[in-house]
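**Q** These protein sequence lines are chains A and B, in that order.
Numbered per our numbering, the first sequence spans residues 1 to 109.
Numbered per our numbering, the second sequence spans residues 1 to 130.
Some hints here could point you the wrong way.
As the list claims (entries may be wrong) - Using 16 Å as the maximum straight-line C-alpha spacing, the simulated EDC-like pairs for lysine to aspartate or glutamate come out as follows:
| hint | chain 1 | residue 1 | chain 2 | residue 2 |
| --- | --- | --- | --- | --- |
| 1 | A | Lys65 | B | Asp65 |
| 2 | A | Lys10 | B | Asp84 |
| 3 | A | Lys75 | B | Glu42 |
| 4 | B | Lys24 | B | Asp62 |
| 5 | A | Lys75 | A | Glu85 |
| 6 | A | Lys70 | B | Glu61 |
| 7 | A | Lys65 | A | Asp42 |
| 8 | A | Lys70 | B | Glu94 |
| 9 | A | Lys75 | B | Glu94 |
| 10 | A | Lys10 | B | Asp65 |
| 11 | B | Lys51 | B | Asp98 |
| 12 | A | Lys75 | B | Asp33 |
| 13 | A | Lys75 | B | Asp98 |
| 14 | B | Lys17 | B | Glu57 |
| 15 | A | Lys65 | B | Asp62 |
| 16 | A | Lys75 | B | Glu61 |
| 17 | A | Lys70 | B | Asp39 |
| 18 | A | Lys65 | B | Glu68 |
Calculated from the structure, these hints are not laboratory results.
Note that the structure is predicted; figures quoted are calculated from it, not measured.
What follows is each chain in one-letter form.
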Amino acid sequence: MGNQATEMLKGTLEGIVLAVLSTRPAYGYEITAWLRDRGFTDIAEGTIYALLVRVERNGLVDVEKVPSEKGPPRKVYSLNTQGREYLTGFWKTWDFLTARLEQLREGSK
Amino acid sequence: MPDTDDNGILAKIIGPKKRWRAYKARVRALPEDYRLAVDAIERFLMLFAPKDGVRIETQFEDLADLFEQAAADGTPVRDIVGNDPVEFVRTFAENYTDGGYTPARARHRLIRDVNRAAGDTTGADDEGTV
Numbered sequence: 001m002g003n004q005a006t007e008m009l010k011g012t013l014e015g016i017v018l019a020v021l022s023t024r025p026a027y028g029y030e031i032t033a034w035l036r037d038r039g040f041t042d043i044a045e046g047t048i049y050a051l052l053v054r055v056e057r058n059g060l061v062d063v064e065k066v067p068s069e070k071g072p073p074r075k076v077y078s079l080n081t082q083g084r085e086y087l088t089g090f091w092k093t094w095d096f097l098t099a100r101l102e103q104l105r106e107g108s109k
Numbered sequence: 001m002p003d004t005d006d007n008g009i010l011a012k013i014i015g016p017k018k019r020w021r022a023y024k025a026r027v028r029a030l031p032e033d034y035r036l037a038v039d040a041i042e043r044f045l046m047l048f049a050p051k052d053g054v055r056i057e058t059q060f061e062d063l064a065d066l067f068e069q070a071a072a073d074g075t076p077v078r079d080i081v082g083n084d085p086v087e088f089v090r091t092f093a094e095n096y097t098d099g100g101y102t103p104a105r106a107r108h109r110l111i112r113d114v115n116r117a118a119g120d121t122t123g124a125d126d127e128g129t130v
C-alpha cells in the first residue's frame, strides 16, 4: 500500500477494528491476521493493539482475559452497546463521505 | 492520620518505581530481538509527556504485554512495528500522552534501532513512507 492508502486508512482503522469485532469477539493477533488476509497487508500488529487500547479506554469494548497455552493470558475484545452505537455513527459518516465523493467524481467527468 | 498520609506518599514514591522495575524485568526476559525493539521504543516514548491523570507506567506495561504476547505467538518484530515504526509508536503513545517533541534525530534512531532489532541491516535510516 502506498502513502495515500496509509493516510486514508489512518482515519478509518478504528472503525474497521470495531466492525471486525461486531462479527465476533477476537484478540489482537486474530484481528491483524484477519485484516492481512483481506488485503491490508501492511497493517502492523502494534497499530491494531494501540487502537484496541484506545477503544478499551473509550469504553467501546469489553475485555476478557483468557488463559493461553503459550505465553501470557490473551485479552479478548468484544463490542459492547456503546461500541455498537459508535460503529453505527461510523457507518453513517462513511456513507456521507462516500456519497459526496462519488458525486464529486461524477461531476468531474 | 499520619499513617494514612505516609502510606499515600509511600505508594506514590514506591509504587511507580516498583512498577517500573517490574516492567524492566519483563523486558529483560524477552528474546533478544524483541528486547532490542522495546528498548528502542522506550527511548522514543520518553520524549512524550503523560496526559493528566494517566500513569505513564501503564503505557510501558501495555508495551510489555504487546511484545510478550507477540513473542509467544512468534510474530516477527517487523510485523509488530510495521514498516513505519514512528507511525506505530505515535498511535500507541496517543493513548497516554498529549504528544511530544520528537526531533528528526530521535525518529531516525528509532527506525535504525528497530531495523537492527528486526534483523534488517540493509534498510536506510530514512523514515518509512508506508
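**Q** Each hint: holds or not?
**A** Here is how each hint holds up against the structure:
Distance restraint check for Lys65/A and Asp65/B: the Cα-Cα separation of roughly 12 Å lies within the 16 Å cut-off, and the hinted pair is therefore satisfied. Distance restraint check for Lys10/A and Asp84/B: the Cα-Cα separation of roughly 13 Å lies within the 16 Å cut-off, and the hinted pair is therefore satisfied. Proximity of Lys75/A to Glu42/B is assessed by CA-CA distance (about 22 Å); at most 16 Å being required, the pair is judged violated. Taking the CA atoms of Lys24/B and Asp62/B, the gap is near 12 Å; set against the 16 Å cutoff, the hint holds.
Annotation: proposed proximity of Lys75/A to Glu85/A is violated, straight-line Cα distance about 22 Å (limit 16 Å). About 19 Å separates the Cα atoms of Lys70/A and Glu61/B, which puts this hinted pair outside 16 Å; it is violated. For the proposed pair Lys65/A and Asp42/A, the alpha carbon gap of about 27 Å is over 16 Å, so the pair is violated. Proximity of Lys70/A to Glu94/B is assessed by CA-CA distance (about 30 Å); at most 16 Å being required, the pair is judged violated.
Straight-line distance between C-alpha atoms of Lys75/A and Glu94/B comes to about 20 Å, which puts the hinted pair past the 16 Å bound. With a CA separation close to 23 Å, the supplied pair Lys10/A and Asp65/B exceeds the 16 Å bound. Distance check on the hinted pair: Lys51/B and Asp98/B sit about 6 Å apart at the alpha-carbon level, within 16 Å; holds. This hinted pair does not check out: Lys75/A and Asp33/B have alpha carbons roughly 23 Å apart, beyond 16 Å.
With a C-alpha separation of about 26 Å, the suggested pair Lys75/A and Asp98/B falls outside the 16 Å cut-off, and the hint is violated. With a C-alpha separation of about 9 Å, the suggested pair Lys17/B and Glu57/B falls inside the 16 Å cut-off, and the hint holds. For the suggested pair Lys65/A and Asp62/B, the alpha carbons sit about 14 Å apart, so the restraint of at most 16 Å is met. Among the hinted pairs, Lys75/A with Glu61/B is consistent with the structure: their alpha-carbon atoms are about 14 Å apart, no more than 16 Å.
For the suggested pair Lys70/A and Asp39/B, the alpha carbons sit about 23 Å apart, so the restraint of at most 16 Å is broken. Between Lys65/A and Glu68/B the CA atoms are separated by roughly 15 Å; this keeps the pair inside 16 Å, and the hint holds.
Consistency with the previously given hints fails for numbers 3, 5, 6, 7, 8, 9, 10, 12, 13, 17, ordered from lowest to highest.
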